[in-house]
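Top to bottom, those sequences are chains V and Z. Mapped onto our numbering, the consecutive letters of the first sequence carry residue numbers 1 to 215. Mapped onto our numbering, the consecutive letters of the second sequence carry residue numbers 1001 to 1111.
Treat the hints as calculated values from the structure; they're not laboratory data. Treat each hint with caution, since some may be false.
What the hints assert, rightly or not - Derived EDC-like pairs (lysine to aspartate or glutamate); straight-line CA-CA distance at most 16 Å:
1) 1095/Z x 51/V
2) 189/V x 1006/Z
3) 1066/Z x 148/V
4) 1074/Z x 149/V
5) 1098/Z x 149/V
6) 1066/Z x 131/V
7) 189/V x 155/V
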Amino acid sequence: MLSFPEEIVLLLLDETRGAFVPLPESVFAIVMSGAALMDLELRNRIDTDPEKMTVVDRTPVGDDILDDVLVGLGKKSAHLDITDALYDVALSAEDYRVWALNRLIARGILREENGRHLWVFRTRRYPIIDDTEQQEVRARLRHLVMSDEIPDPRDIVLICLVDACALMGVVLSEAELQPATPRIEQLRKMDLIGQAVTRAVSETEAIIKFAATTM
Amino acid sequence: MEIAQEQDGDVMIVRLSGRLDSSAVSTAEEGLSAATVGQPPRVAIDMSGLSYISSAGLRVLLVLAKSVQQREGKLALGGLVANVHEVFALTNFDKVFKIESDLTSAVAAVR
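Next up, chain Z with everything else stripped away, as it sits in the complex:
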């Protein structure tokens, strides 16, 4: 899995690509915790390059969402591919996260 970040005004944009599973947990945890430095954090995650997510990957995102909520920040995910969206729906994670069709909408949602 690869993770890239860029700052767009007060929003931190994170791009995830590849597979987010147990082998990618440490990389994802490190990258995502670095993305929540803002006070309050505003984070938009581009999921369009993410082809697979397992339970371990979902947990990483859940911990991030909880951390953002505790600091009264905002988090949105954009551009989920069909099979990843399916996993979110199956596990009710789509009710926990703000999910937008693409990154532009995700950025707008956290502004």
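Isolated chain V, as found in the complex:
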């Protein structure tokens, strides 16, 4: 099973071009941070309530990204503010993207392709070799959103992450998206870290929009 940082990197790759779908770096950083924190939450290394996040077990999980995050959190106070932790981990998001890509390549899910655009600019693409995981996740999330089924904790995390990246459009058709919005909102609120991700992404997008309109 892939970790959430690996899942989100895979979901952000355009399967036809092998390039990342457009997403502001600051938004990606928050989503990657949320993916790592929610993964640690499901592995019972951290616990949350509406007031705080607590590191409850510092035993490494055997995953370079998650263990790096766990070590970083362990250096801070026992009780953390969820949003502060989210922004702290986000500082390393670009490193984590590279680590996740390398692992997906090593697992035979992606391959790296170097090329040139207009014979000048170096480009790097990651065509998907084995899209089984990507298709399975999309199918599972689509079924969950379109039904009244009780979600499992892993699917709640994926809904939070996919929605934060505005990627629900690759899971649902345009006609399905609008009527499914209340259900998506219901599901994405079911994780406290996921809620913090949604808030942080909204704030970041508002800042980007403001900056773009005042320049």
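With the hints as your guide, set chain Z onto chain V.
Same frame as chain V, but now just chain Z:
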């Protein structure tokens, strides 16, 4: 956290008390999975003694609810104290679970 069970006809009553957080997850998982042996399971959980619930605790209850749904059973929670109810409302868990004011109503809801 403490967990106690009693059978009332076709309904399994589970009483949770104390704090349901990451330190109580294994105990809660064991106790709650044992409570869903009926076919289909009918489970009423008395939450009146539960003073605190964290994300880890919510996940344990969510997994239970999913298991009961998959086996076409019924599950209801009764007697949530204010701060626990608040966490349920904040996370939309109050839309997933049937929540009753007390245990008697929870038992009636799953009959």
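Going down the list of hints, with the structure as the test:
1. 1095/Z x 51/V: violated, 22 Å
2. 189/V x 1006/Z: Violated - the C-alpha atoms of residue 1006/Z and residue 189/V are around 33 Å apart, more than 16 Å.
3. 1066/Z x 148/V: With Cα atoms ~11 Å apart, residue 1066/Z and residue 148/V stay inside 16 Å; holds.
4. 1074/Z x 149/V: Within the cut-off at roughly 14 Å; holds.
5. 1098/Z x 149/V: holds, 14 Å
6. 1066/Z x 131/V: Distance of about 28 Å is beyond 16 Å: violated.
7. 189/V x 155/V: holds, 12 Å
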